[in-house]
Amino acid sequence: MDNHGSYKSLINIWLLLMFFTVTTVGAAQFDFGAWNVPIALIIASFKAGVVALHFMHLKHEDSMTWVFATYPLFLLFLLIAFTATDMFTRVAN
Amino acid sequence: MGIYDITTKIIKSIAYPSEMVPPITEEDDGHHHFDPETEHSSMKLGMWLFLATELLLFGGLFAAYAIYRAKYPEMFMNGSKSLDVVLGTVNTVILIFSSLTVAIAVKAIQENRIKLVKIMLWITIVCAAIFAVNKYFEYSYKFGKGIFPGTDIFYSIYFAATGVHMLHVFIGMAVLGVLLNKVYKGKYSKDNFTAIEVGGLYWHLVDLIWIYLFPLLYLVG
Amino acid sequence: MNWLPTSASTFAEGVDFTLWLATIISVISCILIGFLLIYFVIKYKRKTDNDPTPAITHDSFLETLWTIIPTILCIVIFIYGYVYYDQYTVTPKNAVEINVTGKRWIWTFDYSNGKKTLNDLYVPINQPIRLVMQSDDVLHSFFVPAFRVKQDLMGNRYTYINFTATKEGVYDLYCTEYCGASHSNMLGKVHVLSKAEYALWEDGSAKKVKSASADIPLDKLGEQLYTKNGCVACHSIDGSDGIAPSWKALFGAKRAFTDGTSAVADENYIKESILYPTEKLVTGYGPIMPSYKGLLDDKEITAIIEYIKTLK
Amino acid sequence: MSDTSETNYLDNGKGFASWFYTVDHKRIGVMYLIAIGIFFIIAAFASFLIRWEHLTPGEGIVSAHTYNVLFTLHGSMMVFLFIVPGVAASFGNFLIPLMIGAKDVIFPKLNLYSFWLYLLGASIFLFALAAPADTGWTFYTPYSIDSGTNVIMITLGVFVLGFSSILTGINFIVTMHKLRAPGMTWDRLPLFCWAAYATSLLQVLATPVVGITLLLLIGERYFGLGFFDPAKGGDPVMFQHFFWFYSHPAVYIMILPAMGIISEVMPVFSRKPIFGYKAIAYSSLAIALISFLVWGHHMFVSGQSKLVNIIFSVITFAVAVPTAIKVFNWLWTMYKGSIELSTAMLYSLAFIFLFTIGGLTGLFLGALAVDVHLHDTYFVVAHMHYVMIGGTVFGFFAALHFWYPKMWGVMFDEFKAKIAFVLIFIGFNVIFFPQFILGTLGMPRRYFNYAPEFESLHQLSTYGTWIIGIGFILMMYTLLKPIPGEAGPNPYKSLSLEWSMDSPPPPLNFDKIPTITEPVYNYGTKIEKES
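Residue numbers (this note's numbering), protein chains in the order written: chain P, 1 to 93; chain W, 94 to 314; chain Y, 315 to 626; chain D, 627 to 1157.
Careful, some of the hints might be misleading.
Under the rule of at most 30 Å between Cα atoms (straight-line distance), these lysine-lysine pairs were calculated in the BS3-like manner [claimed, not checked]:
1) D/Lys904 - D/Lys729
2) D/Lys962 - Y/Lys357
3) Y/Lys607 - Y/Lys594
4) Y/Lys407 - D/Lys729
5) D/Lys735 - W/Lys280
6) W/Lys280 - D/Lys1119
7) W/Lys174 - D/Lys858
8) D/Lys1138 - D/Lys1119
9) Y/Lys407 - Y/Lys430
10) W/Lys174 - P/Lys8
11) W/Lys283 - D/Lys729
12) D/Lys932 - P/Lys59
13) D/Lys904 - W/Lys238
14) Y/Lys429 - Y/Lys509
15) Y/Lys568 - Y/Lys430
Among the chain P residues that face chain D by a calculated CB cut under 7 Å, a handful are [unchecked claim]:
16) Asn36
17) Lys59
18) Leu75
19) Leu79
20) Thr85
21) Asp86
22) Thr89
Calculated directly from the structure, the hints in this document are not laboratory data. Predicted model only: the values in this text are computed from it and were never measured. For glycine and all other residues, C-beta sits at the position ideal for the given N, C-alpha and C.
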């Protein structure tokens, strides 16, 4: 059924993840000031994307699974966006 | 029949209810045999829905992290510096490796290589155990230094996030343990491997959460 | 029977207008839907078991109609709601600031001229007021129905209310955010005084304003202070146990304190407990009573003691 | 009819084990029905005491602390034990497989485990009654942190109940995706299934956030975490954001199943296809999606920033439009129909009227300026109860009466049920309409002692509870004591799939999965259709 790819490809993906881990730890040594968090998040999202697509076979799933995999991210964005805008636009009226 | 038999009957009835249920009709023993393809795809769709709920559960913690980091940047800087980056990196490597071994196990079961599945599942559980032990050292080191969940907001988030994640690692170990037990009993094969793939999905999620937790807590100091 | 409290602030007119607008829209819609319901039931009553009925499944004109009209009504109500809210939240330049502190079941007001009152807010008429509010413990909420203003108080930051009183009188003040056992006793009064009266009150000669209380007997004055200054919120007078020791048969009784000592409850003990409550804590009660130093003068304290003496 | 079904699901195995360990969705639906019925009665009795206490301003029959415990118990038990799991789990479990032509839900054992989790959560809830919480059903911090009562136990109970409702939601979503009978396309799905689908989406996507919020609250009380405690640098408004992010979708979890029931009842008793099938189906989904954007309108006066207040106010009005569309569509289903005023139809008509009042008073609370005055007053209590009792409970009663012959195979006494309806309708309005006026006069919510000028309205409201109490007892009596004689498989001649088998359905619903050919609400003569 969905027996895709080979053992070798799994190992390659693992190496790619190791590479990203090293880069993210390396990037943490230099201080990019305000850019620290975004860089760390981008690398982490890359790693998460790789795990989701290949290890969790999201690549071969039908569209409904895609919807249920990505919609919570939008909800999480909603929660953080509204709470943050509230927290930082509280001017003393 | 003695008290011993009654108690085992009750425990057995709670643990394995299907045996207790009188068969409704002749060919069916409580769960309905749909064609394997629907059974497989619906199990995976159900699991992805459950992963969505786990993601939103941790979403609450990530939202709290985002808000309080923006509110107390310097507290998060010092707090993050005080965490042991080396132990964190080791834990990340272990978890990613365990994610690989589970992926190999899922692939192996589809090719009926039962021996490889057993080895890989064993490695995953052992990695999870090592992760837990590292975590234990890290916590006891902090408690020793007088840092507790209540000291300040950063440590509250640190302990809450890693604590809930640790809980999920334990649940993952239990799930993989049950799967391994059933593999030993020969329950799974080339045409009945859904449970292992679903268990694998859960473990990948646990790893995914840690991929985000590690940099946010340890690295952005 | 009027269904709105007296409107005594500039914000109140806006709120009332929007309230009336929304009520009219709702009443008309309810009458329309109620009438249609009854009309359809009567007109299309089932006569035989299989009356011929048309298989209408949709009608795009009708459906667009009852999508657009509710949208327009919603926009109208929103705009009015927003406009008056916008005016309400802008701080007028010449606003007088008053600090409000909410503590479990008592309101404390600190004025710019150093005066401090308990549960009673004195405000001049037609003068923009800006309340700077904070809570000492749990959430509270400052609500004056006559002004239509409401705002929560919380422990970690200030919240604000701007209002301008337009009618003299004494109006109720409620706490509307649930804050524990005596949430419903956390009441107060807002006194809107004319310019002259406010000046009299402000220059410290509060006696003139309270002149009415000069000639009533001491224990009666004590009883008034018991309710006005928030003692009622914690101390009961019928012996029933609550958050604080009951005042029934207090005078002359022996009191054991948390630090092991004990004493007879005489005038000095009561006076000290009013001014410095945490000095002698009766066993089994927490140190939550605020100090009344500077809030009650000697005459009022003796009045309270007289009142306690009457509670056998 | 079908050969394998000489027995029906009710007497297919007797005794405790055959019910407690069953995986038959119909039995689980019935067990949910009985469980939520019991908790509804307990919570209703608590509200009875609350109203009795309000007969007189001062201390009536209970002390201040007991009053606070009573309204917390009434609120949390009604929300978490009756109305959120309620209609979706009881009628959803019973009807969805029957309506989509399936033998059972996709994960039967998971269905049973969800019910066990519900019982576990309910028992933890009852343990919490040892030192019952007095924080209100919203558990606002910081009071819920330093309240001396047993808040941890009740939040743990709510967490477990949330878990049970997540699993039920997952079960229904996958069932409706995978087990629809051949020919049952998405636009031939009955509207109750559409509503249950939208409800399950909300259950799955919103409940985890309240799960983590309550875990953090337990962390606050046990470890002193400090997220929501101002004394430790936290922010109580954060708790309110997290809590209402779940609790507003939860409000739609409560009302959507009832809307589904009304969309099923109206066509049957008007003998006409539902008006605007697509509009109702898609507005259910629209409500489910927009409901995640509006939670801030519960916090207009709790220190939220002005900009966010305005954003939430705008989107709140956006949610009102799909609801209005649904009401008009139901109304227009009756146009040129052949209306039979059975009890279920009476409850549906009352639903439409009372839910309209509930919805419109929601517009009051959505407008910023008015909400500043009306927030946390009895106006909110009245609006909430008009939507929850006028809406969900009346819809639930309509379902109880409409599917009664199908579930039990017998009929109830129609005349006594209609008297009960009249009593409940009058009693309900006598209780809650005066509370609108109490609210505009500024009477705050959760007040044990109130100012004397509100006394007459409170007394009128309490008399209402006695009327509704009698009506409710009469309704329970008529439902528990059916009239003798078999009710046929389809007494109301509905064309929906669940009426196509014997009255108490056979254990495995259909022996041969039917194929669906024509549209679902196929009432009315064909001639008109071509025009």
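Starting from the hint list further up, note which numbers the structure goes against and sort them upward. 4, 6, 10, 12, 13, 15, 16 and 17
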